[in-house]
Amino acid sequence: MVDRFRGKLTEKRYKREDLAQLWHVNVMTVSNKMTGKTSITCEEFTAAAQYYRLSDSEILYVLLGESRLAIV
Numbered sequence: 297m298v299d300r301f302r303g304k305l306t307e308k309r310y311k312r313e314d315l316a317q318l319w320h321v322n323v324m325t326v327s328n329k330m331t332g333k334t335s336i337t338c339e340e341f342t343a344a345a346q347y348y349r350l351s352d353s354e355i356l357y358v359l360l361g362e363s364r365l366a367i368v
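For the sequence shown, our numbering gives the first residue as 297, with consecutive numbering after it.
Calculated from the structure, these hints are not laboratory results.
Computed from a predicted model, the values in this text were never measured in an experiment.
The reader is advised that the hints may include incorrect statements.
What follows is a list of derived Cβ distance ranges for each label pair [said to hold, decoys possible]:
#1 E313 to L360: 25 to 31 Å
#2 R312 to T342: 16 to 22 Å
#3 R349 to E313: 17 to 23 Å
Backbone N, C-alpha and C define an ideal beta-carbon position, used for all residues, glycine too.
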């Protein structure tokens, strides 16, 4: 999940400094979270998804590895 999340944020040209401000942590903490050394909380994921305007399909891809929404 972390690799897909980092990939999507890279596409959006994220900066660790921006995430640090958004998450109210220091840049090293962001680095640890983006490399998988520390877990990303649901609140942090949600805040970053909103800030970087990830679509529903992008969020599903990050969380589940799915690239499309299933319509039932």
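Range hint compliance [Cβ, R349 to E313, 17 to 23 Å]: 19 Å Cβ-Cβ, so the 17 to 23 Å window holds.
Status of the given 16 to 22 Å range, CB of T342 versus CB of R312: 18 Å Cβ-Cβ, so the 16 to 22 Å window holds.
Pairwise beta carbon distance, E313 to L360, judged against the given window 25 to 31 Å: The hint (25 to 31 Å, Cβ to Cβ) holds, given that E313 and L360 are roughly 29 Å apart.
Taken one by one, the earlier hints all hold for this structure without exception.
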